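Please arrange chain B on chain A, whose structure you already have, making use of the hints.
As given, the protein sequences belong to chains A and B, one line each in that order.
Using this note's numbering, read the first sequence as starting at 584 and increasing by one per residue.
Using this note's numbering, read the second sequence as starting at 173 and increasing by one per residue.
Read the hints as simulated data drawn from the structure, not as lab findings.
Please note: incorrect hints may appear among the correct ones.
DEER-style ranges, computed between Cβ atoms [said to hold, decoys possible]:
(1) B:Arg-372 <-> A:Gln-702: 49 to 57 Å
(2) A:His-903 <-> B:Leu-218: 44 to 52 Å
(3) B:Leu-314 <-> A:Gln-929: 42 to 50 Å
(4) B:Ala-189 <-> A:Val-1032: 36 to 44 Å
(5) A:Gly-815 <-> B:Gly-302: 56 to 64 Å
(6) A:Gly-815 <-> B:Phe-271: 48 to 56 Å
(7) B:Ala-418 <-> A:Glu-927: 36 to 44 Å
(8) A:Glu-927 <-> B:Val-265: 38 to 46 Å
(9) B:Val-265 <-> A:Val-1032: 52 to 60 Å
Facing chain A, from chain B, some residues (calculated, C-beta under 7 Å) [what the hints assert, rightly or not]:
(10) Gly-176
(11) Trp-178
(12) His-179
(13) Arg-180
(14) Pro-231
(15) Gly-275
(16) Gly-320
(17) Ile-321
(18) Pro-365
(19) Val-366
(20) Ser-370
(21) Thr-425
Since the model is a prediction, treat every value here as computed from it, not as a measurement.
Glycine is no exception: its CB is placed at the ideal position from the N, C-alpha and C atoms.
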Amino acid sequence: MGTIGCVQLCEICSAQWADIHLARQMRADIFERNKRMNNGMKIRVRGGLPLPPVGSPVNGTTEVATTERVALLGADYPGMRARILVDQGDIVEAGAPLFEDRGKPGLRGTAPVSGKVLQINMGAKRRLSSIVLAANNEAPLRFDVSRANSNDGVRALMQETGLWTSFRTRPFDRVPSIEGKAAAIFVTATDTYPNAPNPRHVLAGQENIFTRGLAALKHLTQGKLYLCQNAGAALAEADPQIVIVNVSGHHPAGLVGTHINRLHPPTRQGPVWHIGYQDVLALGKVLTEGHLISVRTITLTGEGLRQPRQLQVPMGADLHALARREMTPGQKRILSGPVIVGRECQFLTRYHLQATVLNAKAVAPRHWFFAALRAAAVPEAFVPTEALERALGPKLHVVPLLRALSIGDAETAARLGCLQLAEEDLALATYVTGGEIDFGMRLRSVLDVLEAS
Amino acid sequence: MNVGIWHRNMVAWLLVAALLPAAAAVLVEQGGIAAARFGVALATLLFWQGVFMIVRAQPFSPIALVTAFAVSLLASGTTELWQIVLAASFGAVIGEQIFGGWGRNFIPAGVVAPAFLYFAFPEVSHAGTGALVTLALAPGALILLVTGILSWRVLVGALIGLVLLTMVFGHAPAAPFMQGSLIFGLIFLVGDPVCAASTRGGGWLYGALAGGLIALLGWADVGIGAPQAVVFAALLAAIFAPLIDAGIIAMTTKQWSPHNA
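Bound conformation, chain A alone (with noise of 0.2 Å):
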């Protein structure tokens, strides 16, 4: 608890003073806004809860680093039985295939950067734990993208350099598959985790590049392109395919199942596919290079750094290294992803956008009674409050879906609309109730079910 929890007590009870204010203020501005332009549409999450930044903000330029070594990661693709495509010790090209799935042909693992395969770590069941390349210089391999220009062209091409993992579908929160049809895709340019990357900034001087990878996208379905960002200036052009959308709100406002729930609830049938802003923009730097440039700007933030920092990184650097030179004295545990869905990891994820540097609590040692006490008892139920009402995105009845996930009741989570979830959404869910319940690990077991039915 300590003081994340006071501020947070402080911070709900004046949230709903600012939210009146607020409202006030930004009914004006969205009125003059819709003014401007007719086509844009908008989201504004009246619940939301201001979580407490851990560390303090980044402030400053983006400053470009490398690490020696980067790892693509199994456990991005839960699920996947990787057939692996290199031996340790090659050489490879950035963009060079690593792995596939022997299930879905487009789930392909391609190299971010030029190097030599390091390590190849298989994990329990024989599946991917990890493979780690020792980056150096070398060309990266060149791809032909004359075809991008039909639906079959684009996927081949994000099939090949490995972007096709960018696409997530919901329902179940899994790349489709290389034939699958979206019904609309998402595009999330808006993040409102604490100190996490402000797209327009990331994006600020590359509008041309994505705005190529959006309309590459729009091959991909028959559907409509969301483009989710924060309210402000559209980041393209809208059109008849592309919905530029505003979002503004508290944390759960800038997750796409905010967005996908509000705007394009998905169906088993019409699955609706989701990418991220930097992702897109990845896409358009392969349109317009030619070759795989395989980046992320991430912000480097948490209580046990000196100094919070935004970084332009190889996909899957090592976080380690980054942090090593700025981390203050002590114990740490060094997150990839923001505080509340982060995973303990040496390398960064595919999906995240951010690191986090916490320091290391001791854990005060408990009575052995009490501690085999605590160690035996069933979890703690969780208590209906208002702040839990206010922690999921998606407009859904919160308490009854949490209480069949709590239970794993999947008929019931089903009908109360789990299938539009991910884990992320219910991230906050298990922040506020104090960890006791992890709900996003009882919607993966119930979303299981349901894709085996």
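Just chain B now, with coordinates in the frame of chain A:
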């Protein structure tokens, strides 16, 4: 620690904190006998929590303090201490622990225990408390509203139901607010976050039902000053809460069904 604060025990402690002024007021009004009832009820509740900790690995919860206070306040009058022990045991076990402890029950233990007492020992006369307790409950209610533990939908719904039906029965709308035990029941038993209806629309209906029942039972049956009115109203409303939720969910998910097929 990277977790929020709305842990089950945190909510329970906040409920306890909200209760403190009212507890002081009751002590002033009723004296030592209230403290004795509270102590006996608390000891009984903790005993059963201990039993279920060992048998079913259900963790302890400070909600026992709230339940014990409810029992001591609503079972005032000529209740014997052994009757309190029986009632608190019934409330703790049947109302709460066999469902898995606070958070998984569907009727508050603080309702089940007094209800048991009223049925099992009908000859005992019970008295409510006065306006001082109402006054002392106000800051607690404010804490619970601001922290979002007490749903404002439930509270407003209940107040509307209570005042409307009070006026229908031809009494002054302010009359129920002179009764301390009634207002306590309204905030802590009807407004129990676990057992209240959990959908947004359901909160309104549930609140209105509870408020209406309090007025109905109070004015037409046992008398608005008797604690029975609010206990039985809370009991009935809690029993109907899952039905209300199911109705709201059936209505709204019907609209969603083309999306979620």
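So does A:His-903 sit 44 to 52 Å from B:Leu-218, Cβ to Cβ?
At 49 Å between Cβs, range holds.
When you take the CB atoms of A:Glu-927 and B:Val-265, is the distance between them in 38 to 46 Å?
42 Å, holds
Hint check: 7 Å Cβ-Cβ cutoff, B:Arg-180 to chain A
4 Å, holds
Let me know if the C-beta of B:Gly-176 comes in closer than 7 Å to any C-beta of chain A, holds or violated.
4 Å, holds
Take the shortest C-beta to C-beta distance between B:Ile-321 and chain A; is it under 7 Å?
Cβ of B:Ile-321 sits 5 Å from chain A, so the hint holds.
If I claimed the Cβ atoms of B:Arg-372 and A:Gln-702 lie 49 to 57 Å apart, would that claim hold in this structure?
With a Cβ separation near 52 Å, B:Arg-372 and A:Gln-702 satisfy 49 to 57 Å, so the hint holds.
Restraint: B:Thr-425 near chain A, CB-CB cut 7 Å. Satisfied or not?
5 Å, holds
52 to 60 Å was suggested as the range; check whether the CB atoms of B:Val-265 and A:Val-1032 agree with it.
34 Å, violated
Hint check: 7 Å Cβ-Cβ cutoff, B:Ser-370 to chain A
Hint holds; B:Ser-370 Cβ to chain A Cβ min 4 Å, cut 7 Å.
Evaluation of the interface hint that places B:Gly-320 against chain A, nearest CB under 7 Å:
2 Å, holds
Measuring from beta carbon to beta carbon, are B:Leu-314 and A:Gln-929 in 42 to 50 Å?
Given range 42 to 50 Å: holds, Cβ gap about 49 Å.
Given hint B:His-179 near chain A, where the shortest CB pair must fall under 7 Å:
3 Å, holds
Figure legend: structure checked against the earlier numbered hints; the only hint not met is number 9.
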